[in-house]
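2 protein chains.
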Amino acid sequence: MITSETLSALDREDPLGPFREQFELPEGVIYLDGNSLGPLPRRTLTRLIDVTREEWGQSLITSWNTHGWLRLPQSIGDKIARIIGAAPGEVVAADSTSVNLFKLLAAACALRPERKVILTEDGNFPTDIYMAEGLVSVLGAGYEVRTVDRENVAASVTDEVAVVMLTHVDYRTGAMLDMTSVTASAHAAGALMLWDLAHSAGAVPVDLNGAHADFAVGCGYKYLNGGPGAPAFLFVAARHQDAAHQPLSGWMGHAAPFDFEQRYRPAEGITRHLAGTPAILALVALEEGVDLYLEADAEDLRRKSILMTECFAALVAQECGDHGLTLASPADAGNRGSQVCFRHDEGYAIIQALIARGVVGDFRTPDILRFGFAPLYLRYQDLWNAVTHLRHVMDKREWDNPDFRIKAAVT
Amino acid sequence: MITSETLSALDREDPLGPFREQFELPEGVIYLDGNSLGPLPRRTLTRLIDVTREEWGQSLITSWNTHGWLRLPQSIGDKIARIIGAAPGEVVAADSTSVNLFKLLAAACALRPERKVILTEDGNFPTDIYMAEGLVSVLGAGYEVRTVDRENVAASVTDEVAVVMLTHVDYRTGAMLDMTSVTASAHAAGALMLWDLAHSAGAVPVDLNGAHADFAVGCGYKYLNGGPGAPAFLFVAARHQDAAHQPLSGWMGHAAPFDFEQRYRPAEGITRHLAGTPAILALVALEEGVDLYLEADAEDLRRKSILMTECFAALVAQECGDHGLTLASPADAGNRGSQVCFRHDEGYAIIQALIARGVVGDFRTPDILRFGFAPLYLRYQDLWNAVTHLRHVMDKREWDNPDFRIKAAVT
Chain A
1 MITSETLSAL DREDPLGPFR EQFELPEGVI YLDGNSLGPL PRRTLTRLID VTREEWGQSL
61 ITSWNTHGWL RLPQSIGDKI ARIIGAAPGE VVAADSTSVN LFKLLAAACA LRPERKVILT
121 EDGNFPTDIY MAEGLVSVLG AGYEVRTVDR ENVAASVTDE VAVVMLTHVD YRTGAMLDMT
181 SVTASAHAAG ALMLWDLAHS AGAVPVDLNG AHADFAVGCG YKYLNGGPGA PAFLFVAARH
241 QDAAHQPLSG WMGHAAPFDF EQRYRPAEGI TRHLAGTPAI LALVALEEGV DLYLEADAED
301 LRRKSILMTE CFAALVAQEC GDHGLTLASP ADAGNRGSQV CFRHDEGYAI IQALIARGVV
361 GDFRTPDILR FGFAPLYLRY QDLWNAVTHL RHVMDKREWD NPDFRIKAAV T
Chain B
1 MITSETLSAL DREDPLGPFR EQFELPEGVI YLDGNSLGPL PRRTLTRLID VTREEWGQSL
61 ITSWNTHGWL RLPQSIGDKI ARIIGAAPGE VVAADSTSVN LFKLLAAACA LRPERKVILT
121 EDGNFPTDIY MAEGLVSVLG AGYEVRTVDR ENVAASVTDE VAVVMLTHVD YRTGAMLDMT
181 SVTASAHAAG ALMLWDLAHS AGAVPVDLNG AHADFAVGCG YKYLNGGPGA PAFLFVAARH
241 QDAAHQPLSG WMGHAAPFDF EQRYRPAEGI TRHLAGTPAI LALVALEEGV DLYLEADAED
301 LRRKSILMTE CFAALVAQEC GDHGLTLASP ADAGNRGSQV CFRHDEGYAI IQALIARGVV
361 GDFRTPDILR FGFAPLYLRY QDLWNAVTHL RHVMDKREWD NPDFRIKAAV T
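These protein sequences, in sequence, are chains A and B. Per the working numbering, the very first residue in the first sequence carries number 1; after that it's consecutive. Per the working numbering, the very first residue in the second sequence carries number 1; after that it's consecutive.
Simulated from the structure, these hints should not be mistaken for lab results. Bear in mind that the values here come from a model prediction, so they are computed numbers and not experimental data. Heads up, some of the hints might be wrong.
No copy is singled out in the list; a pair is fine if it fits within one copy or between any two copies.
In silico lysine to any residue, SDA-like type, Cα no more than 20 Å apart, as pairs [what the hints assert, rightly or not]:
#1 407 - 323
#2 116 - 136
#3 407 - 2
#4 407 - 70
#5 407 - 255
#6 396 - 408
#7 116 - 140
#8 407 - 261
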């Protein structure tokens with residue numbers, strides 16, 4: 001039996017407790033949607049004002065040199081590398097996850113020219129599949145995006161497969177793949193492995209080099225708290241960097257962008273994976289989120305994440321066990337990300353009723369209630385309060401309200 | 001003979017004079033580099049603070065709906081459309097100029113599948129050529145980027161050419177092409193026409209639809225004052241929108257992104273040219289720059305721009321005529337953008353010496369001194385002061401200083 005006191009006691013002993021003060025969190029809100037948009041670190045506003053007023057406003061064009069703007073994609077990338085088990089020089093922050101997927105899928109296909117299949121799973125996050133489809137449309141004859149059930153991925157890595165593209169933590173259920181064994185099975189069949197870390201970076205331990213991953217992309221605006229539409233990142237293992245070429249070959253990926261040469265000549269290393277001019281305001285916001293995250297101890301974060309998801313799942317069972325909420329996430333915390341999801345036919349309306357009570361989770365079609373647990377700013381007590389609200393919503397059928405069935409553009 | 005008083009008199013009568021107050025401009029600086037990075041509009045800082053603190057900080061994920069974040073690419077695009085002679089629904093603000101070039105070159109090639117050449121001019125801005133090279137690398141067999149001298153472009157539009165890609169205002173010399181006649185010559189040969197408006201949007205009158213242009217891209221951080229690395233924009237003429245498909249087919253270009261369908265289904269209209277999640281902080285900064293620009297009268301802007309470039313060229317001839325500065329821009333203001341450029345073997349050092357005096361222009365390899373004139377915030381008196389500094393630099397050979405020969409990363 002978990003009680004409010006159980007959770008208060010955990011808060012008192014929580015080494016991460018002080019981090020909550022570093023965030024702007026609205027009064028009266030329990031924010032379980034940091035997996036969709038992380039909240040605002042207080043320091044980010046300070047940095048944005050400084051960069052806007054001083055660096056842009058006063059130093060103007062010279063800031064590209066004097067304030068290091070030109071190297072922000074690489075310097076922030078080096079910081080993100082520490083979070084995902086990569087080395088300095090293997091990561092840049094740039095563009096969107098979608099655009100970065102295109103770059104790296106193209107680079108992977110070019111490294112395996114005799115193979116024409118991009119293999120992924122049914123139910124992968126849609127933009128991953130869409131970008132692969134777009135790449136296939138330009139690569140042309142013989143190229144194909146092949147989707148198979150998750151359990152059949154390993155067996156489907158035939159000698160036609162150039163690259164296996166998978167999302168490490170499933171966006172709906174939170175189910176987490178074993179990065180090492182899946183990568184090994186791709187390699188055993190001669191394919192390259194590309195990981196999407198959208199729901200992993202800042203949420204669960206990731207060791208790209210430990211798993212011998214080839215390529216990865218990830219998101220800046222979820223658990224890294226980089227702001228709405230923050231720049232994404234991409235990883236290319238050092239061993240591929242001399243041979244890997246991506247087709248969004250813009251001037252920032254050129255060996256000498258300010259020599260204005262008339263032919264493209266790729267920069268050494270990870271820099272060739274940049275395209276256009278870096279988005280400075282967005283990058284500095286991301287950097288603050290990343291810096292703050294790096295101040296926390298990685299083991300403390302994982303321990304709290306696991307304990308929070310376990311407590312939440314147990315509390316829902318304890319308090320709402322007879323309301324038809326079916327656990328959609330793996331029961332074992334070791335096999336899931338920092339989220340817990342349930343299925344319910346009235347999932348959309350239930351989420352709306354919870355939001356009306358200040359408990360912000362989100363809904364994923366067709367029937368998934370998704371709750372994310374960011375150990376950097378959530379309190380254990382929040383779990384008790386969130387489940388108390390959920391119990392009220394379910395006990396009183398608050399979801400059974402036409403207002404809660406109006407679908408917004410973003411759900 | 002132009003005197004300081006001539007210019008003061010012009011300032012007193014300048015209907016655009018009050019706009020200068022809307023910008024943060026550093027004390028003691030004459031900023032003739034708005035063609036590289038536009039200065040900070042004061043309102044932009046206010047907006048950034050509000051969006052960061054209130055929309056992101058307080059409203060969090062709900063801002064995608066409640067604060068219109070999801071439609072910012074289109075709503076800002078509609079505003080930019082007014083500046084470039086496009087209709088609502090023909091422009092979106094997103095990604096970088098480089099990435100948008102890739103999208104539209106690919107769309108153009110797909111519309112002319114029997115043609116395999118992307119035609120452009122020698123000396124086009126490098127990223128334009130680089131992105132075309134990248135596209136050709138994935139399109140594969142038979143595709144080619146062909147560069148010819150500017151004067152030979154029209155004659156080179158053979159039946160092999162799918163798309164002609166040109167920059168309207170040359171980034172080095174400011175030479176401006178006749179959009180209508182060049183577009184007509186591309187069309188006469190069955191090719192599509194893509195314009196890069198990087199040095200045009202906000203600098204000179206542009207009438208894309210009047211010229212029957214097919215595609216265009218442009219930059220947010222130059223004359224639109226959108227901030228360092230601001231989102232770029234792209235234009236697709238309404239008549240092509242049903243048939244035009246671009247391969248960076250991310251979820252934001254999907255017909256129903258939040259239905260999470262497993263196959264890509266392009267949105268109607270311009271929206272299909274979006275890829276990943278919109279960069280909100282960067283977009284709202286851009287919107288402020290665009291809004292401010294739209295408050296000015298377009299004819300006043302062009303009139304002042306022409307007069308400023310004419311006065312500056314005449315003043316340099318008058319004050320520095322014997323110092324070997326050769327006009328690199330067209331002599332007729334009607335054939336150039338809002339910039340005046342000179343050639344000099346010591347161009348780099350001269351620019352550094354001017355910067356040391358607070359006159360910020362820039363250098364473009366191999367020998368171009370580039371001065372941009374943004375009528376929204378420059379005073380006529382600034383021209384007198386800038387040329388006075390230039391005369392001192394030249395008379396006293398201030399450029400002949402080893403410190404001014406050290407090349408910075410961004411030049």
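Going down the list of hints, with the structure as the test:
1. In the homo-oligomer, the alpha carbons of residue 407 and residue 323 never lie at most 20 Å apart, since the shortest distance is 23 Å inside one protomer and 69 Å across protomers.
2. In the homo-oligomer, the alpha carbons of residue 116 and residue 136 lie at most 20 Å apart both inside one protomer (9 Å) and across protomers (18 Å), since each shortest distance falls under that limit.
3. Taking the shortest alpha-carbon separations for residue 407 and residue 2, neither the intra-copy value of 35 Å nor the inter-copy value of 65 Å comes in at or below 20 Å.
4. Only between protomers do residue 407 and residue 70 lie at most 20 Å apart by alpha-carbon distance; the minimum there is 15 Å, versus 42 Å within a single protomer.
5. Only between protomers do residue 407 and residue 255 lie at most 20 Å apart by alpha-carbon distance; the minimum there is 16 Å, versus 48 Å within a single protomer.
6. When the C-alpha separation of residue 396 and residue 408 is checked against a cutoff of 20 Å, the pair qualifies neither within a copy, at 24 Å, nor between copies, at 67 Å.
7. Taking the shortest Cα distances, residue 116 and residue 140 sit within 20 Å of each other both inside one copy (10 Å) and across copies (14 Å).
8. Only between protomers do residue 407 and residue 261 lie at most 20 Å apart by alpha-carbon distance; the minimum there is 17 Å, versus 51 Å within a single protomer.
Violated hints, in rising order: 1, 3 and 6; the structure is consistent with all others.
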